[in-house]
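Peer 1: Once you've looked at the hints, dock chain B against the given chain A.
Just so you know, the sequences run in chain order A and B. Reminder that position 10 of the first sequence reads as 10 in my numbering, one-by-one numbering, no gaps. Reminder that position 2 of the second sequence reads as 1002 in my numbering, one-by-one numbering, no gaps.
A hint or two may mislead.
[Stated by the list, open to error] Below, a list of computed lysine-lysine pairs in the BS3-like style, where the Cα atoms sit at most 25 Å apart:
hint, chain 1, residue 1, chain 2, residue 2
1, B, K1056, A, K11
2, A, K15, A, K57
3, B, K1056, B, K1003
4, A, K57, B, K1003
Hint data in this document are derived by calculation from the structure and do not stem from the laboratory.
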Amino acid sequence: GAGVSQSPSNKVTEKGKDVELRCDPISGHTALYWYRQSLGQGLEFLIYFQGNSAPDKSGLPSDRFSAERTGGSVSTLTIQRTQQEDSAVYLCASSFDETQYFGPGTRLLVL
Amino acid sequence: ELKVEQNPLFLSMQEGKNYTIYCNYSTTSDRLYWYRQDPGKSLESLFVLLSNGAVKQEGRLMASLDTKARLSTLHITAAVHDLSATYFCAVGNFGNEKLTFGTGTRLTIIP
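If we strip away everything but chain A, and leave its shape as in the complex, we get:
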């Protein structure tokens, strides 16, 4: 079946602009996660949605980052006023049990 999909696959933006990254989880998966991977920081948790519960936002690095999940399915990660240190690969994962399945990621470059 279809895996986790993310769009766009690559995004180049100018410092100060806002960006939106999209994640389509595997159908039927109740949990959705955002992580980011960068050379300096490795793989970091950002935010976690589980069903209708309030999301765990404890990994968001600043208030410029936000995410929502509509209808328990698609999620959008928004970064406002992007900074160069936001450059990274943003990975989405979904699960229905303990195994998290990762999408291909969005590579974000902030110039």
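Peer 2: Frame of chain A, contents of chain B only:
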């Protein structure tokens, strides 16, 4: 704060040899994950270990978990070139599945 350490960070080994990657974590956790990442690709789930003494094997890879020592190992038997990749361990907990990742071990198999 949970910390996850892997060693070695880099490993270059000859085909046919055996080796072990180590993953230590600092606080009690319910589950231990191993993922593989090929260059430019996303994360592929290899193993999920849920209890003390758990051992799982897939092909030339075998993972084990010692929750008392807070240690997991990924053992490679008779390495082949196709196993060249970066391997990550990650730690999670039941009820809040956000993962804390190790630094990764970059494995290169030399013919």
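Peer 1: Is the hinted pair B/K1056 and A/K11 satisfied, with a Cα-Cα distance of at most 25 Å?
Peer 2: At roughly 38 Å apart (the allowed maximum being 25 Å), A/K11 and B/K1056 break the hint.
Peer 1: Is B/K1056 within 25 Å of B/K1003, Cα to Cα?
Peer 2: 23 Å, holds
Peer 1: Hey, A/K15 versus A/K57, does the alpha-carbon distance stay inside 25 Å?
Peer 2: 24 Å, holds
Peer 1: Is the Cα-Cα distance between A/K57 and B/K1003 25 Å or less?
Peer 2: 19 Å, holds
Going through the hint list in order, the structure does not satisfy hint 1, though it satisfies all others.
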